[in-house]
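Chemist: Given these sequences and hints, build the entire structure.
Read off the chains here:
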Amino acid sequence: MTSAPSAPLTLSDLTVGQELSRTRHELSRDTLVRYAGASGDFNPIHYNDAVATEAGLPGVIAHGMLTMGTAVSGLLDALGDPTAVRAYSSRFTNPIEVPAHGATTLEVVAVVGAIDLEAGTARIDLGAQVEGTAVLGRARATVALPPGPAAAATGDGSAA
Amino acid sequence: MTTTPDPSFAGRSYPAGPVHTVSAAKIAEFARATGAASALHTDPEAARAAGCADVVAPPTFLVSLAQATEAQYIEDPAAGIDFTRVVHGEEAFTLHRPVVAGDRLVPTLTVERVRSAGGHTMVTTRVDLADEAGAEVASVRSMLVVRGD
Chain A
-13 MTSAPSAPLT LSDLTVGQEL SRTRHELSRD TLVRYAGASG DFNPIHYNDA VATEAGLPGV
47 IAHGMLTMGT AVSGLLDALG DPTAVRAYSS RFTNPIEVPA HGATTLEVVA VVGAIDLEAG
107 TARIDLGAQV EGTAVLGRAR ATVALPPGPA AAATGDGSAA
Chain B
1340 MTTTPDPSFA GRSYPAGPVH TVSAAKIAEF ARATGAASAL HTDPEAARAA GCADVVAPPT
1400 FLVSLAQATE AQYIEDPAAG IDFTRVVHGE EAFTLHRPVV AGDRLVPTLT VERVRSAGGH
1460 TMVTTRVDLA DEAGAEVASV RSMLVVRGD
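These protein sequence lines map, in sequence, to chains A and B. The first sequence begins at -13 in our numbering and counts up one residue at a time. The second sequence begins at 1340 in our numbering and counts up one residue at a time.
The hints are simulated quantities; they were obtained by calculation from the structure and are not laboratory data. Keep in mind the model is a prediction, meaning the values are calculated, not measured. Heads up, a few of these hints could be off.
Examples of chain A residues lying across from chain B (beta carbon under 10 Å, computed) [what the hints assert, rightly or not]: (1) T9; (2) H49; (3) M51; (4) S59.
Idealized CB from N, CA, C, for every residue including glycine.
Modeler: As structure tokens, then:
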């Protein structure tokens, strides 16, 4: 985890529809147990096959909040500044079954949905899928970014 | 003997507190568990260089405090919520400023809505987090679906 931090993005770097990140995340039982410990969510449907099956699930499933937390990580890297996030919301549309061996791959794409120059924010829409099935619905992050040089119409590149 | 959520809980607010101190160790654990790789989550020097008082929590970090606060309602037998029938429907975080290690946060729980539709009941809670001076820091809205039949 030593990727060089990229220069923080500014609003003028963004256009609606622009893809900011496209990432893949492996979810295994190890990932689930680590998240359980970190978050304090020890619901056994996230680690115990018998309990999950008795609850009517196909098997152990990932915490929805693990999926939501992981899904924003690619965007945080692209922003270069995790303090930029002002809001983040999602629906949970489909559970992610996590096998006892191996891993399931969560694929996430972050796209600029809207830019509000007056508020100094952008809405970033996240698409999160496992094997082509959407697992999050209307996942959106609002990020506050500096305006960037293009906002100063003179374009002389001086910091504003 | 199935129970269904009691709609009369809608609009109810609970007393504020207890105060919760945000821990650098929990921030680091949470960041690692969710793949948040920035040094701002683990290195106090990097966080201070970025203008923060200490290491910064990832955007969904407050879910743990929110869920612990929601338990006052969810686990109250009078609320009528059968937790074996609960599915997480939606979650929304509003961050008025970054949350950092050492923050002392006072949570206040409100049951916003209890609504039945299609045999299920949707329960929406909001946990507002303020500092000890009363300034708003964040809020966490959670919608749970309690399956019927």
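Chemist: For every hint, state whether the structure bears it out.
Modeler: Verification of the hints:
| no. | hint | verdict |
| --- | --- | --- |
| 1 | T9 | holds (8 Å) |
| 2 | H49 | holds (8 Å) |
| 3 | M51 | holds (5 Å) |
| 4 | S59 | holds (4 Å) |
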